[in-house]
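K.L.:
Model the full assembly from the supplied sequences, consistent with the hints where possible.
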Amino acid sequence: MADQPDDEREVRIVLEAVDSLAALDDPAERARKAGRLLAELPDQQARLRQIRQAAVVAMRAQDVSYRQIAAQLGISLARVQQIERGERGKRQPATPEG
11 MADQPDDERE VRIVLEAVDS LAALDDPAER ARKAGRLLAE LPDQQARLRQ
61 IRQAAVVAMR AQDVSYRQIA AQLGISLARV QQIERGERGK RQPATPEG
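Under my numbering, think of the first position of the sequence shown as 11, with each following residue one higher.
If you are wondering where the hints come from, they were derived from the structure by calculation, not from laboratory data. Bear in mind that the values here come from a model prediction, so they are computed numbers and not experimental data. Heads up, the beta-carbon is just placed ideally off N, CA and C, and yes, glycines get one too. Among these hints, one or two may not hold up.
[Claimed, not checked] Here are the simulated distance ranges between beta carbons:
| hint | residue 1 | residue 2 | range |
| --- | --- | --- | --- |
| 1 | Ala71 | Arg40 | 42 to 50 Å |
| 2 | Ala71 | Ser30 | 33 to 41 Å |
| 3 | Leu31 | Leu83 | 34 to 42 Å |
| 4 | Ile85 | Ala56 | 13 to 21 Å |
| 5 | Glu26 | Ala56 | 16 to 24 Å |
| 6 | Ala41 | Ser75 | 21 to 29 Å |
| 7 | Leu87 | Gln60 | 32 to 40 Å |
| 8 | Leu87 | Pro52 | 24 to 32 Å |
| 9 | Asp36 | Ser75 | 49 to 57 Å |
| 10 | Gln82 | Leu48 | 30 to 38 Å |
P.N.:
Structure follows, in structure tokens:
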């Protein structure tokens, strides 16, 4: 992860924190901390969606085109429009293995 550019610093910090849980020697501590993180995750995911939407709305307010935003974020133009409207992506149902 050290090869990632500095603009990915925040993402790297979060991922390293999760990785550090796996390295804990005490299984009870590992499970307890992982459980706490899992409990917080839904609220944090909602917060992240709000942060992303606000950023897209701010870019649009600066007259940045959907195409430019899509290119900067590495997502489709349609996805940019969904994010701006506050729509969540549709996930395909999991396919049973077998």
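K.L.:
Range hint 30 to 38 Å: satisfied by the CB atoms of Gln82 and Leu48?
P.N.:
holds, 31 Å
K.L.:
Is 21 to 29 Å a correct range for the gap between the Cβ atoms of Ala41 and Ser75?
P.N.:
Taking Cβ atoms as reference, Ala41 and Ser75 lie about 47 Å apart, which means the hint is violated.
K.L.:
How does the Cβ-Cβ distance of Leu87 and Gln60 compare with 32 to 40 Å: does it lie in that range?
P.N.:
At roughly 21 Å between Cβ atoms, Gln60 and Leu87 fall outside 32 to 40 Å, so the hint is violated.
K.L.:
Just tell me: holds or violated, for the beta carbon distance of Ala71 and Ser30 against 33 to 41 Å?
P.N.:
holds, 38 Å
K.L.:
CB of Asp36 to CB of Ser75, is that within 49 to 57 Å?
P.N.:
The hint (49 to 57 Å, Cβ to Cβ) holds, given that Asp36 and Ser75 are roughly 52 Å apart.
K.L.:
State, for the Cβ atoms of Ala71 and Arg40, whether the hinted interval 42 to 50 Å holds or is violated.
P.N.:
Once the Cβ atoms are compared, 44 Å apart, the range 42 to 50 Å for Arg40 and Ala71 holds.
K.L.:
With respect to the beta-carbon atoms only, verify the hint that Glu26 and Ala56 lie 16 to 24 Å apart.
P.N.:
At roughly 23 Å between Cβ atoms, Ala56 and Glu26 fall inside 16 to 24 Å, so the hint holds.
K.L.:
Tell me if the beta carbons of Leu87 and Pro52 are separated by a distance inside 24 to 32 Å.
P.N.:
holds, 29 Å
K.L.:
Would you say the C-beta atoms of Leu31 and Leu83 sit inside 34 to 42 Å of each other?
P.N.:
violated, 29 Å
K.L.:
Measuring from beta carbon to beta carbon, are Ile85 and Ala56 in 13 to 21 Å?
P.N.:
This hint holds: roughly 19 Å between Cβ atoms.
Comparing the model with each numbered hint stated earlier shows that hints 3, 6 and 7 do not hold.
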